[in-house]
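K.L.:
Chain by chain, the residues:
Number of protein chains: 2
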Amino acid sequence: MLIELPKHSEVFGSVKIYELQKVLKLESGKVVAPLMRGFSREELREIFSRMAVIIPVKDEKLHLFDGVVRSIPEDCKIIVVSNSRRVEQDTYKIECDLISNFHKVTGQSITIIHQKDPGLSLAFQEVGYDAILDKTGVVRDGKGEGMVVGILLAKILDCDYVGFVDADNYIPCSVNEYVSIYAGVLSLAETPYAMVRLHWRYKPKVMEDRLYFRKWGRVSEITNKYLNMLLSMKTGFETLIVRTGNAGEHAMTLKLAEIMSFSTGFSIEPYELIYILEEFWDGETRFKDALSSGISIYQVETMNPHVHEEKGEEHIKEMLLASLSVIYHSKLAKDDLKEKIFEELKGQEIVKSKREIKKCITMPPICDIDIKKFKDVLERYSETLKTFH
Amino acid sequence: MLIELPKHSEVFGSVKIYELQKVLKLESGKVVAPLMRGFSREELREIFSRMAVIIPVKDEKLHLFDGVVRSIPEDCKIIVVSNSRRVEQDTYKIECDLISNFHKVTGQSITIIHQKDPGLSLAFQEVGYDAILDKTGVVRDGKGEGMVVGILLAKILDCDYVGFVDADNYIPCSVNEYVSIYAGVLSLAETPYAMVRLHWRYKPKVMEDRLYFRKWGRVSEITNKYLNMLLSMKTGFETLIVRTGNAGEHAMTLKLAEIMSFSTGFSIEPYELIYILEEFWDGETRFKDALSSGISIYQVETMNPHVHEEKGEEHIKEMLLASLSVIYHSKLAKDDLKEKIFEELKGQEIVKSKREIKKCITMPPICDIDIKKFKDVLERYSETLKTFH
Numbered sequence: 001m002l003i004e005l006p007k008h009s010e011v012f013g014s015v016k017i018y019e020l021q022k023v024l025k026l027e028s029g030k031v032v033a034p035l036m037r038g039f040s041r042e043e044l045r046e047i048f049s050r051m052a053v054i055i056p057v058k059d060e061k062l063h064l065f066d067g068v069v070r071s072i073p074e075d076c077k078i079i080v081v082s083n084s085r086r087v088e089q090d091t092y093k094i095e096c097d098l099i100s101n102f103h104k105v106t107g108q109s110i111t112i113i114h115q116k117d118p119g120l121s122l123a124f125q126e127v128g129y130d131a132i133l134d135k136t137g138v139v140r141d142g143k144g145e146g147m148v149v150g151i152l153l154a155k156i157l158d159c160d161y162v163g164f165v166d167a168d169n170y171i172p173c174s175v176n177e178y179v180s181i182y183a184g185v186l187s188l189a190e191t192p193y194a195m196v197r198l199h200w201r202y203k204p205k206v207m208e209d210r211l212y213f214r215k216w217g218r219v220s221e222i223t224n225k226y227l228n229m230l231l232s233m234k235t236g237f238e239t240l241i242v243r244t245g246n247a248g249e250h251a252m253t254l255k256l257a258e259i260m261s262f263s264t265g266f267s268i269e270p271y272e273l274i275y276i277l278e279e280f281w282d283g284e285t286r287f288k289d290a291l292s293s294g295i296s297i298y299q300v301e302t303m304n305p306h307v308h309e310e311k312g313e314e315h316i317k318e319m320l321l322a323s324l325s326v327i328y329h330s331k332l333a334k335d336d337l338k339e340k341i342f343e344e345l346k347g348q349e350i351v352k353s354k355r356e357i358k359k360c361i362t363m364p365p366i367c368d369i370d371i372k373k374f375k376d377v378l379e380r381y382s383e384t385l386k387t388f389h
Numbered sequence: 001m002l003i004e005l006p007k008h009s010e011v012f013g014s015v016k017i018y019e020l021q022k023v024l025k026l027e028s029g030k031v032v033a034p035l036m037r038g039f040s041r042e043e044l045r046e047i048f049s050r051m052a053v054i055i056p057v058k059d060e061k062l063h064l065f066d067g068v069v070r071s072i073p074e075d076c077k078i079i080v081v082s083n084s085r086r087v088e089q090d091t092y093k094i095e096c097d098l099i100s101n102f103h104k105v106t107g108q109s110i111t112i113i114h115q116k117d118p119g120l121s122l123a124f125q126e127v128g129y130d131a132i133l134d135k136t137g138v139v140r141d142g143k144g145e146g147m148v149v150g151i152l153l154a155k156i157l158d159c160d161y162v163g164f165v166d167a168d169n170y171i172p173c174s175v176n177e178y179v180s181i182y183a184g185v186l187s188l189a190e191t192p193y194a195m196v197r198l199h200w201r202y203k204p205k206v207m208e209d210r211l212y213f214r215k216w217g218r219v220s221e222i223t224n225k226y227l228n229m230l231l232s233m234k235t236g237f238e239t240l241i242v243r244t245g246n247a248g249e250h251a252m253t254l255k256l257a258e259i260m261s262f263s264t265g266f267s268i269e270p271y272e273l274i275y276i277l278e279e280f281w282d283g284e285t286r287f288k289d290a291l292s293s294g295i296s297i298y299q300v301e302t303m304n305p306h307v308h309e310e311k312g313e314e315h316i317k318e319m320l321l322a323s324l325s326v327i328y329h330s331k332l333a334k335d336d337l338k339e340k341i342f343e344e345l346k347g348q349e350i351v352k353s354k355r356e357i358k359k360c361i362t363m364p365p366i367c368d369i370d371i372k373k374f375k376d377v378l379e380r381y382s383e384t385l386k387t388f389h
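Protein chains in written order, with the numbering used here: chain A, 1 to 389; chain B, 1 to 389.
Please keep in mind that the hints were generated in silico from the structure rather than gathered at the bench. As the structure is a prediction and not an experimental result, all values here were calculated from the model. Among the hints, a few may not be true.
As the list claims (entries may be wrong) - Taking lysine to aspartate or glutamate and the DMTMM-like style, the derived pairs with C-alpha atoms no more than 25 Å apart in a straight line are: (1) A/Lys22 x B/Asp66; (2) B/Lys61 x A/Glu4; (3) B/Lys375 x B/Asp141; (4) A/Lys30 x B/Glu43; (5) A/Lys30 x B/Asp66; (6) B/Lys30 x A/Glu46; (7) B/Lys358 x B/Glu278.
Using the sequences and the accompanying hints, generate a full structural model.
P.N.:
Shown next as structure tokens:
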């Protein structure tokens, strides 16, 4: 893979946000140059072998899920966290069969667990990580919860990197591009605390009529606008650096993942940025090593479009509300910004009053979890965990 | 790449048509098994180095053309045959600059020529290949003509395989899948005269509203139906073996390409099948070596969708008319079949009378061309040919 190196970045305390980098070529030999970097397949394979690709899935079309699984580079460890139905139709079982066959044929390392696994809930209870549990003591529904479970499994598997891939991707080969970008870019980071977020630029006419695409693009633009506004208001200098406020496809080093707080639902990705800025811009953080090493956030423009399952009109409003709420409730947001956000949401007929702009649920960093205890309880009591090596 | 091996094929004289094979994994190690074959990257690279990927282009969106070029595996030789405008806007020049930069950055072997190049026309005149020329002695407009030019350049470059890729592909990484399939499948053929044609199965709801996709899918189904009907009527046994009547993405060994007759416009792909059947089923053919070795036609279902530029409603009718005309006018088509085709076209309000079902223009095999003379004239008189090695 041949990728531009970013020419420009902006610094906010210990946080460095890089401008958008483009992918120049999907495959290439090794190239080391001032303005670009080419990763040979051998280089990427070495990094893949230390990367977990986490696929949260919930009742997605099975052939899409299947295509995504089949497109992960073979040296990566795949971790599927499923919250699919088990009654009426045991979709989870079908996913397991799919994965079992996949492993038989390919030999690739793959793990699957159900988000509602009682052993999993017990493991969280035993290590005192209640923020992920609902009132009944079971892991809550939600993609953020699935991501946290995935990160823990990746930590148990001793991975250095975690990359997230959605299961409803219509373009399996784009997954291959995403994971290659994750590997290449993260391997270049000069800090152990790095994140890469993906973006697709084009809104070609043929796809403009496709609501799903226009929608996501529109929400993304608005989220980016207010994230940049938050930065601009605080520094006094206008910036447009953030282009990946709602980047579903993203990855990070495990060292960063461990000290991240995650939210849930549509606020996940914007909240990651808000959290990092709150901790490491000029906040008081307990993560001194990260503070001194710095947190690097890379943004990469992919060659391939992001084409996900059409989820419906209501979705956009929810997405926008969740994303903007995160910015609204940030410690870093001044009253002017809050007003502007409220006006935006009112104008879009998403809220009528400020009370409707709710704070999101967050889950604390997993670094405090006794990983050995978690692993022991999980392995002993899990009913759904399946590991294929 | 891991691919199913076909379990079933049907034989028509010296022609063997294989049932659809699925791609099981985009990347894999080398796997040799009864039911599947996995090609490692090293294996594929060796085959890529003997393959020319031909990209006919005419005024496509430049960023799409760019994405496609950047996605061809680096060991392949790229041959661009452009019929883009040169006046008002010199699109051809922009394509050349794009390719020149691409080569500077990647070092990949790439050739570009303009279809209307006077030296090219002269070369065809000098070797007596007039069927490709229009009344003014210049290479005719048309994708088929572009393909023939590409095949000749591939022959000059001493390639063993030629693969075709359209320049208006919205999903650059799918091009990588196509070329890998071309390489893998053709390398396994037990005859030197082999072809592989691609197909995408799914018509997911999210894409059903997308006219462009539904259209192409619909035309394909009808073309396949009548091709299968032609086969069924002649053998007395019903068959559904043909699934790739209108496969835009396809490849073949150079040995087969040289003895192929090509038509032009939308009839290209169905005509290839008709021609092969007419020559090698129980026709009198002069190609004795091919007759005894056999012609193998592989059909592969890709993991990635085929998403091309939206070309408009009128297009479908033209496509259907051209495709069905080819079958209609085949020596192999009995009167019953002709009647059915006429009824189909009438029902679709594409024709009112049989006279409107025209025979397509065809160009004879290039094997008779004095390739040395062609090369000499081309190199001496070409004004647009650019080769980057």
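K.L.:
Now tell me, hint by hint, if it's right for this structure.
P.N.:
Outcome of the hint check:
1. A/Lys22 x B/Asp66: holds, 13 Å
2. B/Lys61 x A/Glu4: holds, 22 Å
3. B/Lys375 x B/Asp141: holds, 21 Å
4. A/Lys30 x B/Glu43: holds, 19 Å
5. A/Lys30 x B/Asp66: OK: A/Lys30 and B/Asp66 at ~21 Å, within 25 Å.
6. B/Lys30 x A/Glu46: This hinted pair holds, its Cα atoms lying about 18 Å apart.
7. B/Lys358 x B/Glu278: holds, 18 Å
Consistency note: the structure conflicts with none of the earlier hints.
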